[in-house]
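Taken in order, these protein sequences are the chains called A and B.
Going by this note's numbering, the residue at position 145 of the first sequence is 146; the numbering climbs one at a time, nothing skipped.
Going by this note's numbering, the residue at position 326 of the second sequence is 1741; the numbering climbs one at a time, nothing skipped.
Some hints here could point you the wrong way.
Claimed, not checked - Sample of chain A residues facing chain B (criterion: CB under 8 Å; computed from the structure):
hint, residue
1, 63
2, 64
3, 66
4, 165
5, 185
6, 190
7, 214
8, 217
9, 219
10, 226
11, 228
12, 229
13, 336
14, 409
15, 411
16, 412
To be verified - Chain B residues, not near chain A, derived (Cβ > 12 Å throughout):
hint, residue
17, 1436
18, 1587
19, 1737
What the hints assert, rightly or not - So the derived label-pair ranges between C-beta atoms look like this:
hint, chain 1, residue 1, chain 2, residue 2, range
20, A, 186, B, 1466, 56 to 66 Å
21, B, 1455, A, 118, 44 to 54 Å
22, A, 104, B, 1703, 51 to 61 Å
No lab work stands behind these hints: they were computed from the structure.
Backbone N, C-alpha and C fix where the C-beta goes; we use that ideal spot for every residue, glycine too.
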Amino acid sequence: MKFSRRDFVRGGVAAFSVGFAAPRFLCDVALAQGAGSRNLVVVYLSGGNDSLSMLIPYLDPFYATRRPTLAVPAGQTLQIGSDRAGNALGLHPRLTGLRSIFNEGGLALIQRSGYENSSRSHFEGTDIWSTANPETTQGPGWLGRYLDSFPPPLDPLSGWNTAGETPRSLQARMTAVPSILNPSAYAFQSPNGAAEVGAERACATRMSSHLPVHRPHLSFVNASAQAAFATLDRVATVGAYAPTVVYPNNGFALALRGVAGALASRIGTRVFWVQTGGYDTHAAQNTLNGTYATLMSTLNDGLTAFYQDLRNQGLLSDTLVVQFSEFGRRVQENGSAGTDHGAASVMMAFGGPVRGGVYGTAPSLSPDPSNQTLENGGSDVRYETDFRSVYARVLDNWLGADSVGILGGDFRAGSPEFL
Amino acid sequence: MAQDPRIQHLLRRAGFGTTGADAARYSQRGFAATIEELVDFASIPDAVDAAFTASEPSSSPSTAINDARQRWLYRMVNSRRPLQEKMVLFWHNHFATAYSKIAGRVGALGATQMMAATRQEHPAGMRGQLELFREYALPNFRDLLFEIAKDPAMLVWLDGRANTKARPQENFAREIMELFTIGIGQFAEADVYAGARVFTGWNLQRVGEANEPTTYYQFFYNPGQHDTDAKEFSFAIHGNGSRTIPARAASAGMQDGLDLIAALARHPETARRLARRLWSFFISEIQPPDAAFVGQIANVYLQSDCHMAPTVRAVLLSRGFAAQSSYFARYSWPVEYVARALKEVGSAGFPLSSALSPLANMGQQLFEPPDVGGWSLGTSWFSTAAMLARMNFASSLIGRQRADIARAASGNGPTPEALLSFYLDRLTPAPLEPGAYEALLAYLRGGGDWAGSDAQLRIKAPGLLHLIVGSSEYQLV
């Protein structure tokens, strides 16, 4: 990786001083900048999703022959019709809720999303999707650059990360995006009990309020503490959220529950990050009933609960959900009943004004090296839709931002018209 | 008592911080002799596991992963061989292996055994991955690579156990190049495919019946599953520059892996990459290593035939290490922060089990790195939730010792300034910013005049300690 975290920190910290210059105005800023307006929820499937098992070209004769133990029988897929090239498609049998959204016309499936010379490395691949730059993955992420495009001072709750560490996509120059795994545990404690919390918090806030330019690393930690203190009280209001549906009891669904709470309390956040892992299925993938089926259940049940909760509360039209993974997986299953790292995969989107349907075309799975829909000698799915054209549409058509400036180029051509 | 800042710097980096007594002893020895003692630790008795068992008699670290996490934390705090424990942590992150996937494949018992059992605890005298890292903390990196390629936990984690000639499994082959040795950009996809074939037949077998407590897994080389054809690489495999691992009889096929491991271990990019990783682990995450440092350390590594002890010694003796600008120029990992706080604050009445959830909230659950790339280091540790988790850990550690803390402070707080310097001497955070220093004094003076009475100290001493251990300055090491 060419990216230097240190350079980024150096660039980032000078800017933090600006971002945190006027915390007392931040609530007004939040109201002015975002409350009640459109927001984006990015869902990351970590590890490289085997999207050929999520959206299945079940009539392709090579699907079963190249995946003798992993193929889902045609009759068990949730058949959703064909793409424009006539490839019959079925969703994974566990995606029942998402199929309902699809049938209602609310789910967009963007096949073969990726980029030229796809990286097979988790880390480089994730950096490329995060920075939207396959050539050089330096600097902040694409969502961070979107947040940086707001006029300062930036509301510290503009972004909301539900993962433990800040994902590269959300790294910004102007703000430290808070990570809020569980809104009700997002609090400051005192060894002397509740009576002393106020005095100690006031002191800790003052201690971290200065961002010395000659000590960038100390400034970084101080900025993080400041972002925590600046968000504590508003996040506490989300901790009491009572959803309209029962969310499954797993990390992914509970993160989505927190997002729904933030949306319901109109807290003003513009970008949310939710991720779920376990997709690096090199072995014992057990598509139908094992590991991969569990992944699909987690994905389906969490997203379906979230969708219904938002719809019940009238929040769905303000919320766009977009899903991605760092790469797809090899067409041919390996000797461990799993799949190795591949190239293009499927993105999904729902919510907001999404025009549901199937975008792009499924690959032909023929191992013939002249097959133009595969690459790497007929091994991996070749991309058809540049993922940056999807980002561009989200930025331009949904968030009302300038995709050319944020993505560092014009990727609007050929963008699937799901928004 | 003023302490030698160089020794403290050394012990924060080559260990997990220090108690006052240790610092005095090492200071008496001097800087260079302390480095020798840290690197050449074999003669120092290693009784830390026995001490842990004595303090936690019902604990079972070879069968229950949370007990294994506690024992490891206990070692970090109490080992007389701090550099060995520090290198174990370095290798755990370098060869990042997560318990949960292994437990999903072989069950909780087998997985804990694979991760953490000592030879004494294992039914067949094998050692868990953590013990492998202890054994190879500072010996030869090539040998460590060879051992890790045969390590049962790794064979499950990166799926080598199912690597067969009919369909080679790429996972381990990719990561041994991308993450464990030469790094991305130094190899081609074709090298991954060839590497997978090299390790075909490096599998795992179960000994005993499934789900029996005496059952265990061991490496075995399965010649029938080894691909005997020649393998071509884009980099030199042999000393003469040849890029080909020759076709070999299946019975001799393990030599393929030894050839590849030796080539990767002595590859100049491996040497440079290790030098850079050692720089950010031991010296600085603020300044990059200069080319001279990387060249010098890579050279020591290559000249010593991949031995880590001379390499790490050279890092600790380097000018960059001793430079004042390197003091507090690293972001502490959560376990470094917790171990140091346990040492410096004390942990009487604080069970180590109470540190496990806070560590997870800070983003570092031992034996559970997020992926094979290890944890994201540096600034990535400091999300807002993680920062709150650090502050709240300090609150819980100190909250359980309030009476002791107030007693120890008694007589040391005639003035707010005196109480503050009493703690700053003991805790040695990075130098406080003037504003932070003033804020702490204002906190002590808050709510009335300072009398230094026991009643005041009961609240303010734990409160002050919490604010220091939870400060940004204390997060730097």
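Going down the list of hints, with the structure as the test:
1. Restraint check, residue 63/A versus chain B: the minimum CB separation of about 16 Å is more than 8 Å; hint violated.
2. Checking residue 64/A against chain B: minimum C-beta separation of about 17 Å lies over 8 Å; hint violated.
3. For residue 66/A, the suggested interface contact is broken, since its CB lies about 14 Å from the closest CB of chain B, more than 8 Å.
4. The closest approach between the C-beta of residue 165/A and any C-beta of chain B is roughly 5 Å, which is under the 8 Å cut-off, so the hint is satisfied.
5. The interface hint given for residue 185/A is violated, since its Cβ lies 12 Å from the closest Cβ of chain B, which is over the 8 Å cut-off.
6. The interface hint given for residue 190/A holds, since its Cβ lies 4 Å from the closest Cβ of chain B, which is under the 8 Å cut-off.
7. Checking residue 214/A against chain B by beta carbon gives a least distance of about 12 Å; that is not within 8 Å, so the hint is violated.
8. Taken as an interface hint, residue 217/A checks out: its beta carbon lies about 7 Å from the nearest beta carbon of chain B, inside 8 Å.
9. A cut of 8 Å between beta carbons decides the hint on residue 219/A: the least distance to chain B is about 6 Å, and the hint holds.
10. With its C-beta approaching chain B no nearer than about 5 Å, residue 226/A sits inside the 8 Å limit, and its interface hint holds.
11. For residue 228/A, the shortest C-beta to C-beta distance to chain B is roughly 5 Å, which falls under 8 Å, so the interface hint holds.
12. Against a cut-off of 8 Å between C-beta atoms, the interface hint on residue 229/A holds, since the closest Cβ of chain B lies about 4 Å away.
13. Against a cut-off of 8 Å between C-beta atoms, the interface hint on residue 336/A holds, since the closest Cβ of chain B lies about 3 Å away.
14. At about 22 Å, the closest approach between the beta carbon of residue 409/A and any beta carbon in chain B exceeds 8 Å, and the interface hint on this residue is violated.
15. Interface hint status for residue 411/A: violated, as the beta-carbon distance to the closest one in chain B is roughly 29 Å, over 8 Å.
16. For residue 412/A, the shortest C-beta to C-beta distance to chain B is roughly 25 Å, which exceeds 8 Å, and the interface hint is violated.
17. Residue-level check passed: residue 1436/B sits 25 Å from the nearest beta carbon of chain A, beyond 12 Å.
18. The Cβ of residue 1587/B sits about 9 Å from the closest Cβ of chain A, inside the 12 Å cut-off, so the non-interface label is violated.
19. No Cβ of chain A approaches the Cβ of residue 1737/B within 12 Å, the least distance being about 19 Å, so the stated non-interface status holds.
20. In this structure the supplied range 56 to 66 Å is violated for residue 186/A paired with residue 1466/B, their Cβ-Cβ distance being about 34 Å.
21. Between residue 1455/B and residue 118/A the beta carbons are some 48 Å apart, a value that agrees with the proposed interval 44 to 54 Å.
22. Taking the beta carbon of each, residue 104/A and residue 1703/B are about 55 Å apart, inside 51 to 61 Å as hinted.
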